[in-house]
Structure formats: structure tokens, C-alpha cells
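Protein chains in written order, with my numbering: chain A, 14 to 283; chain B, 14 to 283; chain C, 14 to 283; chain D, 14 to 283.
Derived by calculation from the structure, the hints in this document are not laboratory data. Please note: incorrect hints may appear among the correct ones.
Any copy will do: because identical chains look the same in the list, a pair fits if it lies in one copy or spans two.
Below, simulated DMTMM-like cross-link-like pairs (lysine to aspartate or glutamate); rule was C-alpha separation at most 20 Å, straight line [to be verified]: (1) Lys-266 / Asp-51; (2) Lys-153 / Glu-107; (3) Lys-93 / Asp-51; (4) Lys-194 / Asp-239; (5) Lys-216 / Glu-118; (6) Lys-129 / Asp-88.
Source: prediction; values computed, not measured.
Residue strings, one per chain:
4 protein chains.
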Amino acid sequence: LNFIRYGEGNYVEFEAVTSLHKDLVATYVMVAVFNRVDLKQAVSDALSFATKALEFGIKNIDSVVPEVYASSIIDAERFKVINELAQAVNTIEENSQLIADLIPEVNMNIAYSLPKHFLKNLNDVAAIPGRITRVGNSVKAVSPPEFGASKHLARALMKVMEHSPEIRSIANIRFDTSILKIIEKLGYTHSFYDRSLEPPEIKSVEGATIPWGVGEAIKRVGYVPDVIYHKGDYGKEAMIAVLGRDPNDVVRKLLNIGRALKESEIRRWC
Amino acid sequence: LNFIRYGEGNYVEFEAVTSLHKDLVATYVMVAVFNRVDLKQAVSDALSFATKALEFGIKNIDSVVPEVYASSIIDAERFKVINELAQAVNTIEENSQLIADLIPEVNMNIAYSLPKHFLKNLNDVAAIPGRITRVGNSVKAVSPPEFGASKHLARALMKVMEHSPEIRSIANIRFDTSILKIIEKLGYTHSFYDRSLEPPEIKSVEGATIPWGVGEAIKRVGYVPDVIYHKGDYGKEAMIAVLGRDPNDVVRKLLNIGRALKESEIRRWC
Amino acid sequence: LNFIRYGEGNYVEFEAVTSLHKDLVATYVMVAVFNRVDLKQAVSDALSFATKALEFGIKNIDSVVPEVYASSIIDAERFKVINELAQAVNTIEENSQLIADLIPEVNMNIAYSLPKHFLKNLNDVAAIPGRITRVGNSVKAVSPPEFGASKHLARALMKVMEHSPEIRSIANIRFDTSILKIIEKLGYTHSFYDRSLEPPEIKSVEGATIPWGVGEAIKRVGYVPDVIYHKGDYGKEAMIAVLGRDPNDVVRKLLNIGRALKESEIRRWC
Amino acid sequence: LNFIRYGEGNYVEFEAVTSLHKDLVATYVMVAVFNRVDLKQAVSDALSFATKALEFGIKNIDSVVPEVYASSIIDAERFKVINELAQAVNTIEENSQLIADLIPEVNMNIAYSLPKHFLKNLNDVAAIPGRITRVGNSVKAVSPPEFGASKHLARALMKVMEHSPEIRSIANIRFDTSILKIIEKLGYTHSFYDRSLEPPEIKSVEGATIPWGVGEAIKRVGYVPDVIYHKGDYGKEAMIAVLGRDPNDVVRKLLNIGRALKESEIRRWC
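Chain A with its partners taken away, still in its complex shape (with noise of 0.2 Å):
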């Protein structure tokens, strides 16, 4: 354990597996106090400077190579994806007329992940606090985008990607039988899972029950489809997943489907 003092008796404690652990936090406080940076805020930025350059660095047998940049590479990624997604919202909100009639009674939302590199937990996600809600005939994202925002997403997301690392993104939608057609007729690849055949051990584990599914779903077809959908189970509405590269991946296919969506339906009329 190591210590640094600041101020008058105060310190902090932390756990330093190398001496080079030390070191970064040390270096990093030189130049914070340097740049006079608050005392207490330069020691907690570097420790979590330090663990990030040490584990994202370059392992050798007896040593690391810290990745210095690690932090500010994170950093960068995560304002990239809340852009992406901010402006995937913002077509979303534009084409309200093709997508109303896709969410479901639990509301639609939309994640992005940081690259699998940096996916560690579900605050790695970024979805839409409040999710995106139908008001008359128009939709409303409620929030601007966030980490953490969705766990429901982000633990399918976490499962997809791995299996396809550069699935990123993913948008649930109301289950139809009328839009499962369209889905098909578009040529999307797809796949489900049963939720009640969910193993008991399983569905005791909170929630472990769309990791389940979600592998099931890729089990079933030997690859990452298009779409995984269930059929909902008591209790549970079924739902549809829509899954891409990033962002605008995922409202693309949305834009389709709903598109197809109207057009059936006013076939339907005449």
C-alpha cells in the first residue's frame, strides 16, 4: 500500500502493483500541481491515469510498457460515440412519422459501446436517459445521450460483441409478426430465443437473462445477425433488436422497416 500526503494530514491510500504504478501518479501530480490543478482532484486523476496507462499498456513477461495516451484515447472514444448517437437521435426525431409506429409499450432506445477494447462494464455503453418515447404521431428522445444509460443494451451489447467485436450498436422495436415479414423481405439475417427456455440457474441471476438469449439467438444461425427478437413470456413484451456497426447503422435498418411498415399499411387500405 502507498500513500500521498497532501495538504495538512490529508492523504490518500492506494494499491500500486508496481513501482512504476508509483511513478505515473507521481509524474501526473507534478504536472497538475504544475498547472495548478486543486491538490486533492490532481491525486484522483492520477490514479485513474495510472490505471488506465498500466491497463491498456504493453504486456512483456516482467514488465509493463504504460500506455501514457490510454486515458486521453478513452476520452476521446467516448466523445465520439455521444456524438454519433446524439446524431442518430436527431434523425431519428426527424423521420418521427416512419418510426412512431415501431416502438414498443416499454419505449425504444439506442446504444453505442466504446470500442471492445475499452469495453469493460455497462457504463462503457451509452444509450438515451428516459429512452425515446411516442408523443401523438411524432417521437422525443427524452435525454441527451449517456453512459450507463441502459442495462437492458448494454448486456446485449456486452454478448454480441463477443462475437463480432465491430457490432456496436443497437436499437430495440416493437415485436410484430407484420414487421418480423418486412424484416425478411429486406433481406436482414435474423435470429430469436425462447424466454421459456430459460435454464432455471439462469433466470435466478439478475440480469443474466438477455446475455442468455442473446447467445442462444447466435448459437441458433453461427453468426451475429441483422435482428434477434423474442417473443416476450409472461409478464415480458416481445421485442426486437436491431444491431450495427454504429449509430446510423442501426437507424438506417430502422428508416427501412419503418418505411416498409407504411407502405404495407396503406397497401393494406387500398
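Dock chains B, C and D against chain A, hints included.
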């Protein structure tokens, strides 16, 4: 059939059951024209005015005394409904931390009906377009209240008001056995219905499930209780509905439930 | 002075000018109690009801015929005012690109008054709390319309309605000589006032500047024009006010001005 | 001039000052293609990447060592700027009652710049599109923070940072002599400029007034103070600008001012 001509070759056709209807329309149009209202608008207003005056007039054996204030009285009631609902939503948002845990997956809504005398269809019940949604640990109404914004709650309320016309407001919250225990403990009366027992001839009619279920729940106890719930069905989330005389009454109950739920959760962790 | 007692030791005191006032209050309370309304609420409603019924009743030499529908009629008018204003704001938002360039530094607002007969003070004029603001190249109303939300516009409108009771709506836009030229070209009548000519005895009274200025502008041309403007003062932004019979009428003029401004800007660049 | 060809007959042209520029672009594109990024996107990203790497590289007499992490570092800083600004806005909204009286007619905004090293133009300063507006006795940010959202504050900040690069945040509030007295009493340093003394050759240049004025205010005292104000001009509202190292620092000062203003108002009424 009668006609009103206005301008060059424009006319509207309307069915006047009695000459009284015709007279009311004529009088209204005359007054509107005198006030320099656009003629087309005047005619359309006149028809709505006359229809309401006759609908809510005093019916004698062979005549009707028109209630010429019916239009005003209804709009005045609409104004009050919207205002009371907006105030209740403010209270909900200001007490976000007590309400957040009550929000179901399909989100919460709160509805308020015109007085029974003026309740003719789903558009006479106001609610929140886009519903009330959870954003982090807070809750947020997606838009200001509007008439016709919730078919589900309006259907439930219309059934309730057949039995107790003074119970004009309703909100839906998350079903959970711990919430049900709290409702019991707080002394609120409650009843339920079982969606799996819905007869097929009801299931096949669009929008018939909820009125049937609410009717069953009322029949079970012989009166309109504070709370009606169902435990869900295949693809349908379980739900609790809280009833009250007005939105203020409903929100008071919601806050009591939310407060008790919070306390029970704290106790569990101590 | 009169008293109404309710419950144990609770009472309200009220001044009844005539016994008629007392009778109206008593009747209203009786009806409310019959409808199981909370007694305290009933008494407060009864006083407001009776006051309005007498205020808007038919005055004879030594008696008043109370207008028992006055409360309803006023609330019905309030409902219409809020609805028409909300629709006008929708039109503004949907035509953002035509309006964005008209937004002044202090932001835009649009106000709509109750009919002259019911216009007693600033709270009888509705507008947008937080105003209508420019966001990038788009415009956005910060909140839904409410009564009492704009003192400035309400004061201007009350002065206008002294001269032309049918002109019940007003919006303020950015002053610019190019916008003034367009107003001229579109054939809208206009007048102005010069804030630097405001007499000191007016300047010293809170809220007196705008009514004085509007009065001056009307006096100058002898009627209420479509547009009244002033060229600013030390610390005060110059401003153009657009007047109309209702918000729809005002928005139509705003769109005409915005469209012509856009065209003139395009022409300048070709 | 250099070309990159991609696909059938598509190419982009770019000026590579040195062969290093060309090499960086080529490497980036290769990596992007390897990651299956769309080729057109890869080329555009590569150009931006190489330009930044050279712009922020280490310049020797006859060579440049490219800073290949420049793009990441800048985006990481953008992420921090947006997040700190969003948190500051939350604090403002949560303390609405202390801030509401500080909102000027033209509304408030708060801006935050990238570190001086990366500050190239007005788009490197973030602020609130649509500003922060008063709604009744509360305040509300019209949208989430964005880069390039306030030209006025960005111009002021760029001038300030020429003198004190660590002062990266600014907010504007209402001018009032009572607020000025509070600023004095709280011990905040302050200076001002007089818009009527602006030289005509500055007035004629779009956007030159604010930098000129801020420069004058700094010259007057010889350093960057906590507060810079001007007393308005013909058609221009008087204004107070509060400066700080980051949005948190600025908001702390705003809250101190708002709290003292509230207390002084209460004292006046006792």
C-alpha cells in the same frame, strides 16, 4: 337536411333534428358575423354549439330546452382538468425521488376525466402524451397534459365511472409484491383481475380487455377500490392502477406508497 | 361583513355588497357539498363564483341580475386562449427556418388576451414562460403557454385593446431596417414611438413606458396599425411588435415577414 | 498537391506540406481499412488526423515530430469540457431560486474553452445553444452544451485567455448597481469598459467590439479580474461577465452573488 350558404357557392350541409337546432345555428352565426369572425369558422362553431346545447338541454316529452351555455361549461371543465393535471405532474416531478421506483417498464401515466355528465368518449379524458418516464433517479413528464392522450387509462376510467362517477382520476404504477404489501399496510382498498381468464369473445375486440378487467375487479369486491391490479399475461407487464377523485387525490396516494416503499428498502439494508 | 362557518371553528369572512352576493355563495356551497367537494375548497370557489357572477351581471339602477355562468364563460375563454396559442407556437416551431432570423437578443414572445370584456389585469393575458428562443438555426418555445407569463406584451396589448378591442394578440421580433422595409413592402400598416421622448413623470412609474409608447404610436397614425416599433434607447434593444386579431393572424404575418427576409437575403448573395 | 484514390474513380486531393504528411495519411488510411471503416470516411478522418498531428507536433528547424495522439487528446478535452459544463448547468438549475434574479433580458449563457494550446477559433469554446432562460421563478437551460454555441462569450474568452490562459470559463448576468455593490462587497476584483468610447474603426468590424472592450477592461487594472462589466449603449443592454478557471469556479461565484442579492432584498423589506 339543411344548408348554410356562405360566400360564393360555399355551403355546409347539416342534419337538424328540430327547427330549434336550425334556429340555434342561425343565431350563433349571426352573432359571430357581427363579431367579424371568419364565416367558415362561424358555421363550424355554430354547429358544435347547437349540438352541445341540444345534447345537454332539458328534455321534455315533445321538446328540448337548449342549454346554450353547454359549450362554455364543457370548455371551462376542460380548462380545470388540464390545470389540475399539470399541477399534479409538477408535484410528481418535485417528488421525483419518491416516485422513480414506482415507474413501470411501460412508463407511468396519470389521467383525469371530464365530469361524468360530459364524458362521451376517450377524448374526454386528459393524460400526458409520451407519458411520465424515469431519467436516472428522477422522473420527467414528456409533455404537457392533453385530452385524448391515453387510451388505456381512459378506458379504465370510463368503466370505473359507470360505478362511481366521482372517481375521475387514475395513474398506473409498477406491479411488485412488495408494493402490494405496502398498499395493504396503508389501508388502501384493492381488487384485481386475472388477464388469463378473459373470455375469447372479449379478447377479440380491440380495446375491450381493460374495461372487462376493471369490471371484474369491481364486481369481486362490490365497489370501486383505491387500487386495481393485474399480474400480467404473456407479453403483458403486470400493473397496478391507483384511483382517486382528482389528480391531487391520486398523487397523494402515490407519494404515500412511494415513501413507504423507500422506507421499507432502507430497513431492509440496515 | 359576513361569515361562513365550516367544520369545527373554521370560518371565512367575506364582504357581501348585497344580500344577493350572500345568496349566491350559499347556493354554490350547498351544491358543492352535495357533490362531496371539500368544504374549504367549496367556500373559496363559491366566493370567486359569486364575485364573477355579480361583476359580469346585468346592472340595473338598483339591482343586479347575476350572470351565474360568468365563471364558466371565463374559464372556457381561457381554455380557447391557451389552445390557440399552443397551436400558433407549433406553427412557429414547424417553420423554424423562417422565424429564426426574427428572434431578437431578448428573445421573442407571443401573447393572447381574453376578450376585452374579461380583461381586468396582466394575468388575463397568456404568453410563453421563458419565451421563444433561437437554438442554432431553429426556434423553440421554452414552455407551454400560461396566463400572466409576459408583463411587457400584456401591457402593450391592454393599451392596444383600449382602442381596438378585437386586436387581442401580439408578438415581438428583432428590429432591423431591412425588416422594416419588408413590412412596408408587404403593405402592413405601421407606426412607432421614440423612447427618448418619454416624459420623466412616466419614466418614474414602473411599467408605464410601454403603454405610453404604444399610445403615442397609435395617436401618430390615428388607428391601431399592424406593426408598432421603437428604435431602442440606452441599454434597451430596439424592437418591432406585430399585432393581430388572434395568434394565428399574428403568426401568418410573422411567416410573411420571415419569408420575405429570407428571399431578400438570398437575392443579396446572387 | 497529392491525391488519394479510393474505389472506382473517386479521389480526394490534398496539399501535403511535407512527405511526412503524406505518410501519416497513408498509415491512417491503412489502419482504417484494416478495421473495415468506410473508405471515404477513412480518407477524411486521415486528413484531419495528419493535420492535427503536424499542427501540434514538435517543430525542429527543418523537421516536425508529429504528435500522433493530438486528435485523441483534443477530443478527450472536448469530452471533459462538455461534461463539466453539463454539471455546472445542473448546479445552476438546482439552485434556480438563487440564479433567477441574475438572468438578463438577453438571457444568460455560460461558456468553457478548450485549453489555450488547442484554442484556435470560436468553435473551440462550448456554451448552451438557446441559452439559460428564466421560467417563472426558476431557470432552465434550453439545450445541452455544444461547441460553437456562443459567439459573444467565445470572443470575450479568447481575449481573456491571451492574458490569462488558465481563465477558461465565463458567464454573463444582468447588470444592476445593487449587483455591482454585492460583487464589491464579496471582494471579487472587477473592471469595466465604456462602449461609447469604442473607436469607429473597431465598431465597423463585425465581432470586434467585445474583444476591444475586454482588452480595455484588462488594461485598466493590469490583470484579468473576476468580473468585467459595461453599462450598455444605445440599443444594447448593460451586462456583467463573471470569469473563472472552469464552469464550477464560475458557478460558485454566481451562487455567492445570487445568495447575497437575495439576502439584501430580504433585508430591504424588513
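Going through the hints against the structure:
1. For a Cα distance limit of 20 Å, the shortest separation of Lys-266 from Asp-51 across copies, 17 Å, qualifies, whereas the shortest one inside one copy, 48 Å, does not.
2. Within a single copy, Lys-153 and Glu-107 get their C-alpha atoms as close as 10 Å, and across copies as close as 15 Å, so both meet the 20 Å cut-off.
3. Taking CA atoms no more than 20 Å apart as the test, Lys-93 paired with Asp-51 passes between copies only; the shortest distance there is 16 Å, against 28 Å inside one copy.
4. In this assembly of identical chains, the alpha carbons of Lys-194 and Asp-239 lie at most 20 Å apart only when taken from the same copy (14 Å versus 43 Å across copies).
5. For the homomeric pair Lys-216 and Glu-118, the shortest alpha-carbon distance between copies (19 Å) is at most 20 Å, but the shortest distance inside one copy (23 Å) is not.
6. When the C-alpha separation of Lys-129 and Asp-88 is checked against a cutoff of 20 Å, the pair qualifies both within a copy, at 14 Å, and between copies, at 19 Å.
Every hint, counting from the list given before, is met by this structure.
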